[in-house]
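Using the working numbering, you'd call the opening residue of the sequence shown number 1 and step up by one each time.
Keep in mind that the hints were calculated from the coordinates and are not lab data.
Treat the hints with care, since some could be wrong.
[As the list claims (entries may be wrong)] Dumping the calculated DSS-like pairs for lysine-lysine here, alpha-carbon to alpha-carbon at most 30 Å:
id: 1; residue 1: 64; residue 2: 315
id: 2; residue 1: 125; residue 2: 105
id: 3; residue 1: 108; residue 2: 83
id: 4; residue 1: 83; residue 2: 125
id: 5; residue 1: 64; residue 2: 74
id: 6; residue 1: 108; residue 2: 62
id: 7; residue 1: 108; residue 2: 125
id: 8; residue 1: 276; residue 2: 315
id: 9; residue 1: 485; residue 2: 156
id: 10; residue 1: 79; residue 2: 108
id: 11; residue 1: 315; residue 2: 249
id: 12; residue 1: 276; residue 2: 186
id: 13; residue 1: 186; residue 2: 83
id: 14; residue 1: 315; residue 2: 83
id: 15; residue 1: 95; residue 2: 125
id: 16; residue 1: 95; residue 2: 156
id: 17; residue 1: 83; residue 2: 64
id: 18; residue 1: 64; residue 2: 79
id: 19; residue 1: 105; residue 2: 95
id: 20; residue 1: 438; residue 2: 485
[As the list claims (entries may be wrong)] Between beta-carbon pairs, the in silico distance windows are:
id: 21; residue 1: 493; residue 2: 97; range: 51 to 59 Å
id: 22; residue 1: 527; residue 2: 97; range: 19 to 27 Å
id: 23; residue 1: 555; residue 2: 385; range: 35 to 43 Å
id: 24; residue 1: 278; residue 2: 385; range: 19 to 27 Å
id: 25; residue 1: 493; residue 2: 365; range: 46 to 54 Å
id: 26; residue 1: 438; residue 2: 362; range: 46 to 54 Å
id: 27; residue 1: 444; residue 2: 387; range: 17 to 25 Å
id: 28; residue 1: 356; residue 2: 436; range: 43 to 51 Å
id: 29; residue 1: 570; residue 2: 238; range: 53 to 61 Å
id: 30; residue 1: 308; residue 2: 446; range: 41 to 49 Å
Beta carbons: idealized from backbone N, C-alpha and C, even for Gly.
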Amino acid sequence: MESLSVKFLATSLSNRNTTRFKSIKLHAIPPQTVPPPASAADIGSERLEPRVEERDGYFVLKEKFRQGISPQEKAKIEKEPMKLFMENGIEELAKIPLEEIENSKISKDDIDIRLKWLGLFHRRKHQYGRFMMRLKLPNGVSTSAQTRYLASVIRKYGKDGCADVTTRQNWQIRGVVLPDVPEILKGLEAVGLTSLQSGMDNVRNPVGNPLAGIDPHEIVDTRSYNNLLSQFITANSRGNPAFTNLPRKWNVCVIGSHDLYEHPHINDLAYMPATKNGQFGFNILVGGFFSPKRCAEAIPLDAWVPGDDILPICKAILETFRDLGFRGNRQRTRMMWLIDELGIEGFREEVVKRMPRLHLERASSEDLVRSDWERRDYFGVHPQKQKGYSFVGIHIPVGRVQADDMDELARLADVYGSGELRLTVEQNIIIPNVENSKVEALLNEALLRDRFSPEPPLLMKGLVACTGNQFCGQAIIETKARALKVTEEVQRLVSVTKPVRMHWTGCPNTCGQVQVADIGFMGCMTRNGEGKMVEGADVFVGGRIGSDSHLGDVYKKGVPCDDLVPLVVDLLVERFGAVPREREESED
1 MESLSVKFLA TSLSNRNTTR FKSIKLHAIP PQTVPPPASA ADIGSERLEP RVEERDGYFV
61 LKEKFRQGIS PQEKAKIEKE PMKLFMENGI EELAKIPLEE IENSKISKDD IDIRLKWLGL
121 FHRRKHQYGR FMMRLKLPNG VSTSAQTRYL ASVIRKYGKD GCADVTTRQN WQIRGVVLPD
181 VPEILKGLEA VGLTSLQSGM DNVRNPVGNP LAGIDPHEIV DTRSYNNLLS QFITANSRGN
241 PAFTNLPRKW NVCVIGSHDL YEHPHINDLA YMPATKNGQF GFNILVGGFF SPKRCAEAIP
301 LDAWVPGDDI LPICKAILET FRDLGFRGNR QRTRMMWLID ELGIEGFREE VVKRMPRLHL
361 ERASSEDLVR SDWERRDYFG VHPQKQKGYS FVGIHIPVGR VQADDMDELA RLADVYGSGE
421 LRLTVEQNII IPNVENSKVE ALLNEALLRD RFSPEPPLLM KGLVACTGNQ FCGQAIIETK
481 ARALKVTEEV QRLVSVTKPV RMHWTGCPNT CGQVQVADIG FMGCMTRNGE GKMVEGADVF
541 VGGRIGSDSH LGDVYKKGVP CDDLVPLVVD LLVERFGAVP REREESED
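Use the sequences and the hints to build the structure in full.
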């Protein structure tokens, strides 16, 4: 098993006895009872039989477990998705005209389902024949060369081409057409990128501290961990069939800061820094997820792993999920449902069975994340741990960028920094390693003055929006432009003294993570005052991030989008201390 050497700050150990996992509030919405202590021995042996088996290098669902499975599982059985990459099936598929592809169920499922294993999502409903491509970008680190290459790809698609910063520190590019895919994949490889295993029933982008390695207050640099996880899960971008037939998607993060920028409570696996007997390592949280029917926060596995040996626990948890997870109704196939069924101790026993030497240490009480920490704002100019250098956080409105924006961002990273950009889960970008003598010139660049401000208005700072129905076939409403419009209107009506995080998602799949927002908007169809069906939103309130994490609750369902501005104004005044602009002006 590959190991790595990790340096962490000794000064953080002085607070190690002040934090405990019990300080993190863990619960679910709708309310959930934490699985009672159970033993896998209490579960029948038939239930603990692995549901998949390896055949010809790929893992497939056994015949005896194929009753009542979902259409997606049937598509995986009908044709192995990874063959499109590992056996160069994409080369032939890219040569077939779309009209011919539509005549065959197999090839139609290739472009609508199986290509997601290569990170390609056919936008059949709104951009027929065009694809969104999702990358793997461990820890959100994008080099200037990578950013320029992605810009060159989307530029050729004109108005159909653009890119988004995602809520998993990642790039998604839009407008891609199938005949171009083989060359794009080669271009990605040339700049050290891949889109492999980034969609459907795979492990998503590993998330870490966007300030890793430059943060004066970091606990540990998360970059090497997330690089290692990504390399392991994708077999160094060659494809790893051991983890490509999961029951559902699976998220992982490594925590490196007291700020919890990484949102551990909504990941299937979260590595939480903790020492044990003087050795640095991680306590483990498992099971966090969002879905249309249920949202659950991650819970402690009662496990600790050394910092130089993080892969075995990841492998064991993934294999447990792959082997035993439910494969029927897709709304009940995330890993927390398996934890519920087995009980947390029963789930742990199954993980231990898959660990080297069949051993897994119990959790440490020496957590390194401070529960009394106030989450820091990364916008603007901040000193790095490296003397004489600063990082500059800039606001990317709802994460959308064009080709020229990306080229300019790459140029700024080269001229003023170290040729690197850091993406954040709030869809913004950080330019690291800027010499202090160059900061003023950077702030005077047109892109930062006119487009991507280092000091955005308070209500814009925490604004997040998913793709919406401009491109996504599952989205019920338009989100990005509407999020900006509503926020602009609201901030003309009220003044706030601190950021209020507002998240928009176009459908119940909640890619915009509305449950972690102060105020969240989930797209729906509803009736307006005249009884007409219009685009609307279910409004959530009360989400929190950080050590006092909490998932928000529904405040009001089915609000027409045209009625959201006055509702948000009232919420800001009543719950967030906002002052109406008229009153503020009269007081002045």
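Range agreement (Cβ of residue 385 with Cβ of residue 555, hint 35 to 43 Å): Roughly 41 Å apart at Cβ, these two residues keep to the hinted range, so it holds.
Hinted pair residue 108 and residue 83, Cα distance within 30 Å: holds, 16 Å
Outcome for the supplied range 41 to 49 Å, where the beta carbon pair is residue 308 and residue 446: 46 Å Cβ-Cβ, so the 41 to 49 Å window holds.
Outcome of range test on Cβ distance (residue 527, residue 97; 19 to 27 Å): Given a distance of about 43 Å, which is not inside 19 to 27 Å, the answer is violated.
Range hint 17 to 25 Å (beta carbons of residue 444 and residue 387) holds or violated: holds, 24 Å
Residue 278 versus residue 385 beta-carbon gap, inside 19 to 27 Å or not: Given a distance of about 24 Å, which is inside 19 to 27 Å, the answer is holds.
Residue 64 paired with residue 315 [C-alpha distance capped at 30 Å]: Roughly 25 Å between the alpha carbons, so the hint for residue 64 and residue 315 holds.
Pairwise hint evaluation, residue 74 against residue 64, where the allowed Cα distance is 30 Å at most: Holds - the C-alpha atoms of residue 74 and residue 64 are around 14 Å apart, at most 30 Å.
Proposed proximity, residue 186 with residue 276 (alpha carbon, max 30 Å): violated, 44 Å
Agreement of residue 315 and residue 83 with the hint, judged by alpha carbon distance not exceeding 30 Å: holds, 22 Å
30 Å Cα cutoff - pair residue 95, residue 156: Given that 30 Å is the threshold and the Cα spacing comes to 19 Å, the pair holds.
Whether the CB-CB distance between residue 570 and residue 238 falls inside 53 to 61 Å: For residue 238 against residue 570, whose Cβ atoms are near 54 Å apart, the range 53 to 61 Å holds.
The structure shown violates the earlier hints numbered 12, 20, 22.
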